[in-house]
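Novice: This is what each chain is made of:
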Amino acid sequence: MKSAVIVFPGSNCDRDAAMAIEKVTGTAPTMVWHQETALPDGTEFVMLPGGFSYGDYLRCGAMAGVSHIIPAVKAHAEDGKPLLGVCNGFQVLIETGLLPGALMRNASLHFVCEKSPLTIENGNTQFTSRYGSTRDVIIPVAHHDGNYFADDETLDRIESEGQVVFRYARNPNGSARDIAGIINEGGNVMGMMPHPERAIDADHGGTDGLAVFESILGSA
Amino acid sequence: MKARIHVYLKPGVLDPQGAAVAGALKNLGFDEVENARQGKLIELDLSGDDADAAKTRVEDMCKKLLANPVIENFTVEMD
Amino acid sequence: MKARIHVYLKPGVLDPQGAAVAGALKNLGFDEVENARQGKLIELDLSGDDADAAKTRVEDMCKKLLANPVIENFTVEMD
Amino acid sequence: MTQYADDITPEIAASHLPEDEYAKTVEILGRPPNIVELGIFSVMWSEHCSYKSSRVHLKNFPVTGDKVIQGPGENAGVIDIGDGQACIFKMESHNHPSYIEPYQGAATGVGGILRDVFTMGARPIALMNALRFGAPEHAKTRQLVSGVVAGIGGYGNCVGVPTVGGETNFHAGYNGNILVNAMAVGIADTDKIFYARGAEPGQPIVYVGSKTGRDGIHGATMASAEFDDESDEKRPTVQVGDPFVEKKLIEACLELMDTDAIAAVQDMGAAGLTSSSVEMAGKGQVGLLMDLDKVPQREESMSAYEMMLSESQERMLFILKPGKEHIAEAIFNKWELDVATIGETTDTGRMVLTHKGDTVCDIPLDPLAEDAPMYERPWARAIPESAVFADELAQPKDYAETILTMMVSPDLSSKAWIWRQYDRHVMADTAASSEDPADAAIVRVHGTNKAIAITTDCTPRYCENHPIEGGKQAVAEAWRNLTAVGADPIAITDCMNFGNPEKENIMGQFAECVEGMSEACRVLNFPVVSGNVSLYNETNGFAIPPTPAVGGVGLIPDMSKRMGYGCVKAGDILMVVGDTAGHLGASIYMKVIENREDGCPPPVDLGVEKRNGDFVREQIRSDAIKACHDLSDGGLAAAASEMAMASGTGLNLVHDGDLPLHGWLFGEDQARYLIAVDEAKAKDIRKAAKSASVPLHVIGIAGGEELTINGTIEVSIADLKAVNESFMPTLMGEAE
Ligand SMILES: Nc1ncnc2c1ncn2[C@@H]1O[C@H](COP(=O)(O)OP(=O)(O)O)[C@@H](O)[C@H]1O
Ligand SMILES: [Mg+2]
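Chains as they are written, first to last, in numbering that gives the first Met the number 0: chain A, 0 to 219; chain B, 0 to 78; chain C, 0 to 78; chain D, 0 to 735.
Treat the hints with care, since some could be wrong.
Which chain C residues stay away from chain B? Per the calculated CB distances, all over 12 angstroms, these [said to hold, decoys possible]:
# : residue
1 : 11
2 : 28
3 : 40
Per the computed footprint, the stretches of chain D lying under chain A, defined by three or more beta-carbons under 8 angstroms from a beta-carbon of chain A, are [claimed, not checked]:
# : stretch
4 : 147–155
5 : 413–422
6 : 426–434
If you are wondering where the hints come from, they were derived from the structure by calculation, not from laboratory data. Keep in mind that this is a model prediction, so the values were computed, not measured. Note that CB positions come from ideal geometry on N, CA and C, so glycine has one too.
The whole structure should be built from the sequences, with the hints applied where relevant.
Specialist: Have a look at this one:
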């Protein structure tokens, strides 16, 4: 599958994202600079990586959310093609309105980096099918603004529609209803605060994140 | 020209920073603090001299970037 | 009673947030933006009804906690 | 030219330089300096830039070795890690700024040390931090901890370099002067290393990064000034860091370094434009001609003096090969960073600056650098304290309680509250960081099966009571920590934090620590390749404890052979490598339980250290050891508690022999390791130890849910964990 990773100034998990994609597909993704206005022809999967786009100034993901490449990314999503945002990428998806809600400052007000136990709430998505019957995984989190917020109506809706994909087993940031990752109604756009690309290797963080990439990209 | 923008969290939106500020002030003995909310103050220097037109543009900036309509309200004052 | 506090960076202190905001606004085509500064807006609900006394207390809160005197100035308005 | 010279009153001169140094500038120039020149002399000759008090002693460090590519003198040290790759690292202090504005002080400390490393062409792969705060109960401690930790995290996390480890002490001796030492480690190809030296006449001088503002003017001289109570009020302009710009700067510089455009490069650290340009000129033996009107400026009407002394962050100075300016311009424009050609190198040997059409500075460069003052300050040897052995101290009534009390003490307690705020995993190569049970952090060299091991160490209580042994011990502990994770220790960087060198006893502490460190480096073949000196850490005449922080780096050739102490299983045999005499002088036990800080620290026998360490490393490599933890602060009791907590299994220790139990449990004798060995391999390893003449003592067996000693003393792992985790949240007012 032909993949692209969008690089904003301040992205810092772009290399990690590329490594994960390459590990699963055998092919390195194209790294697309934020000032481009089109995705490479034939791009089937797009990932918005973690990091601190624009220093996370103003609001996390806000400035990246209005950069030149975003219309192309939105069009990709509107075509029903898979789009994954991790951490800062999730914040960008929220800011562009591709996913509902908001990500606020962690309740502790501290940056939190830890290996986070998660529950897979929906194993039937394009991004989680390879987890099979596995429900409990450990994937690292590392963020300052991952406190998921939405009004009750939205929360009820996304819960009842199966759009809550990952939940924290030990809430690190105050997120409403322990939400760690959500998917859009169409099932092709997922955002999550935990970093699956940091859990693809037994020598580093474990392998619990690998299935996200295998689900969406097919394992090599 | 100068524009001063206030960005507030909407009522009902959780405000961890405000809550922490209120807690810390109480810890310091400022018992009169009942509640605190934290927002942003953005000041822009703008070229041009048509204040009304500029204000419309600044409101546009707020909608496009400076405030997140899901959680925030804003006000604009021109100086 | 309500107090509204503005916390600004002192003149001359680097404002990375403001610089990034100005850059992003220009990228969006708002070429009239010459400069942006970002500060904090803090609103407090206070018990009591002596506005003057309250203001003095709020100024004290700013000095002790809300502003960092090394790099920030503040103003207090009572509502 | 001398337009300002008339304005230099004796007061202004004196506020910049001591009288004799001022006289020297007049002699060098053949006339009085103007204000710009005076400013330049004063920062170049400050303690911070010229090392005038420390140079004579630093000369004693061994700085060469078969793996050393670049020793002290460049931005960072460089060692060979094989396969055409080099590891580049350095440690630096940001003590004074962090006391004044903890968040920005610590943040800009991280930014500065990162620049030292990527200036040389390395991609930074890891950050470490060594922190010393005042007493937990001191009024300022909480706020300082909070700000410093947030600042380190705020900068490192954003830049996207993992902060993988560090150390944290609390002691009343730091109440008025905290220490914030940051270390950065990077990787480069050996044929792509960039130096400050190498410039030739006729090359363009190119400024890149952020604009220059009036930040931290005179920061370099401030770093060499003592505090008094009024400095709380006087608060000079502090620098504000912008990690977002730093991240872009890293990428842009590495992109430029991939071309062949660069002749020399230097980051703008302390004394910004002045020291960066002078150092490149000095190393290239060329002159400088710079037009300050071309310097990107953040504020209006900045004077030449301000521009030359500004310490605005995230700036670099390149000397390019002629005609390559456009390459730099294209790259830095793409990253939306300032770039400007501000002058060129000349063959005059002078630094000439113009501003608004006037020549505002004309100084011969050689004397500025070479004739920098160097002092042989008088120093006094420390008066040795006597050793303290267990039989001089009463036995604790309740050993279980004593162990718990030690594990909740500031120095031994878990620092999870701190490191949870640091991104330890970004770049996806961290194999062991603060959270993992390993004596050193381990970061894989990207795309290979080898890894860099990193540790920072210093035991200031030892240095205070015996600077020579303390100096030795800091180096030995770093070496031991690297060994304990299975690495070959290669070289160190250091950060020498001391009080006022004009006092004989302080200068003596410095000299003796250097003496001890040098000896250890020599015997352990562990040379110094970079470092930093921070003097005048005093408030109201009270100096900090002598704190020569050591940052050690080693190589693990095969990742699969790395070692930790978290994999102990019931049935494993526990052994201690090395002998225990029960030295309790200057120990954690004395401090926490006896409330005494006196006594000679445990002596370091470097020959034994080397023999025991080499044995342990060999046994790790041959898969004979399942878990390994060095013995240091808190002795065997602390190491065993940590091993039990990390492994989730109890350990049953048995002590026999004449040594009193508290000496055996809490003695801090050096050159020791606690290891766990599979029962089936116990015999072999004992045989191996015997033939290597390494003392190896079987001390127990793993199993159960408690740490038990002689079957009678029991401490549950759950209790240990609970107390060990409780100190930091309680200190920070966040205990649940
Ligand atoms: N300031 C800090 N930053 C990051 N990690 C820290 C810090 N202080 C302590 N740690 C971590 O806590 C653990 C225990 O520290 P320490 O007791 O000094 O280790 P050791 O004595 O084994 O060298 C280590 O993993 C260390 O990296
Ligand atoms: Mg230690």
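Novice: I'd like to know which numbered hints this structure contradicts. Please list them from smallest to largest.
Specialist: 2 and 3
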